[in-house]
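Colleague: Please put together the full structure from these sequences, using the hints given.
Now for the letters of each chain:
2 protein chains.
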Amino acid sequence: MRVSDKHSKITQAAVKVFARKGFFNARISDIAKEAKVADGTIYLYFNNKYDILISLFEDEIGKIILQVKILLEKEDDPCKKLLIFAKHHLLLLEDKKDLAEVLQMELRQSNKFMKEYRNTKFIEYIDIISAIIHQGQDMGIFNADISPGIAKRAIFGALDEMSRLWVLDDAPHYTIEETAHQVCALFLTGLKKSSAP
Amino acid sequence: MRVSDKHSKITQAAVKVFARKGFFNARISDIAKEAKVADGTIYLYFNNKYDILISLFEDEIGKIILQVKILLEKEDDPCKKLLIFAKHHLLLLEDKKDLAEVLQMELRQSNKFMKEYRNTKFIEYIDIISAIIHQGQDMGIFNADISPGIAKRAIFGALDEMSRLWVLDDAPHYTIEETAHQVCALFLTGLKKSSAP
DNA sequence: ATCAATAATGAATACCTATTCATATTAGTA
DNA sequence: TACTAATATGAATAGGTATTCATTATTGAT
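Keeping their order, the protein sequence lines are chains R and D.
Counting the first sequence from 1 gives a position; the numbering used here is that position plus 160.
Counting the second sequence from 1 gives a position; the numbering used here is that position plus 160.
These are calculated hints, taken from the structure and not from any lab test.
Because the structure is a prediction, the values reported are computed rather than measured.
A couple of the hints might just be wrong.
Identical copies go unnamed one by one, so any copy, or any two together, can satisfy a pair.
Each computed DSBU-like pair below joins lysine-lysine, with the alpha-carbon atoms no more than 30 angstroms apart [said to hold, decoys possible]: (1) LYS181 with LYS234; (2) LYS256 with LYS223; (3) LYS193 with LYS247; (4) LYS247 with LYS196; (5) LYS196 with LYS256; (6) LYS229 with LYS353; (7) LYS353 with LYS247; (8) LYS352 with LYS281; (9) LYS234 with LYS176; (10) LYS209 with LYS247; (11) LYS247 with LYS352; (12) LYS234 with LYS169; (13) LYS193 with LYS229; (14) LYS196 with LYS353.
Modeller: Encoded structure:
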């Protein structure tokens with residue numbers, strides 16, 4: 161078995177265990193059992209428990225960034241780009257529920273206790289949104305007095321809160337498609353009725 | 161010293177300690193020391209460590225709900241109501257940073273591992289937003305095809321993500337006032353330039 | 001001042017788990 | 001096949017902490 165296979169086996173196991181029990185309640189032995197390796201083996205591939213979480217995050221969000229950037233390349237309209245981003249973000253919950261839960265709940269919290277970890281991957285991810293907004297503003301489609309720095313956070317926060325709804329709730333009330341459309345409509349045209357009916 | 165004083169002393173100490181170290185890294189003895197009581201005393205007022213967190217949440221969010229509802233009572237315009245809510249939400253970070261951090265980071269995570277805890281206080285809090293949206297729709301000011309159930313989550317998520325920015329980042333780039341206005345503008349009028357200039 | 005409650009204490013208990021490392025297994029090579 | 005280096009093992013280590021409870025202090029009524 162190639163080295164990378166075992167590394168990835170442990171990562172995948174960790175995703176499952178962290179999703180099920182949370183980072184702090186997860187035991188190294190749980191992860192080892194799930195990955196079908198000995199406890200000690202984990203320390204041949206990771207420095208410590210935190211390192212598993214960080215490493216997992218870097219790897220997985222890296223993949224997500226690549227995927228969504230490829231999808232966005234093909235599109236020019238910033239409105240449609242936003243919809244693509246929203247759908248892709250929400251789709252993670254359908255495709256990789258465990259991973260979505262870990263990114264949602266665990267990573268964010270751990271951030272706080274690892275100030276040294278600057279989490280550049282996360283910044284790279286949300287900067288995809290601000291790039292879309294900038295483009296829309298440059299094209300004259302989007303309102304120029306919206307701050308992309310605030311809007312990117314607001315949009316990410318909104319999408320992420322929708323995700324949390326699904327993570328916590330076993331019976332989702334809306335489909336991903338529907339939710340993505342609603343959230344985009346909200347951010348694109350706003351709550352207020354357009355003054356010219 | 162009245163019973164309720166000690167209960168509240170422990171709660172306040174727990175807020176500080178949870179904010180500083182996080183729920184899982186916080187020790188009962190840390191809380192006891194901060195509250196200037198013996199470790200065992202805590203168990204006269206709370207069943208266990210989780211109970212401190214839950215209890216703290218119920219008490220504090222209860223107060224917040226009361227406060228914001230009083231503020232909203234005096235206002236009729238749903239747009240202004242939204243701004244009041246947004247400001248009030250963000251203001252918590254200025255007024256009670258520790259509490260804001262705990263509500264932000266700790267509680268949410270713990271939720272998942274306490275499925276039996278339905279967190280009705282949180283629901284009550286975000287339902288304030290959907291009530292505002294409903295009102296705006298009834299008054300014919302807000303677009304009727306926006307789902308208040310989705311919009312309440314999106315707006316809460318956006319505000320909460322802005323909060324997280326401040327919790328994690330020591331040097332905030334925007335003021336609360338500015339952020340509240342930007343977020344409200346985003347949700348009220350949207351990114352797109354109005355088609356009738 | 002005396003006496004029950006009532007409240008508070010903090011050392012002891014009882015249990016848990018990340019990490020290490022001496023040992024064993026496997027893979028690669030000649 | 002024999003040998004070496006690279007991998008893997010899992011029991012033992014070393015450290016940690018939520019909770020309990022026998023004891024002590026406080027309170028308030030008589």
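Colleague: Which numbered conditions among the earlier hints are violated in the structure presented, ordered from lowest to highest?
Modeller: 1, 3, 4, 9, 10, 12, 13 and 14
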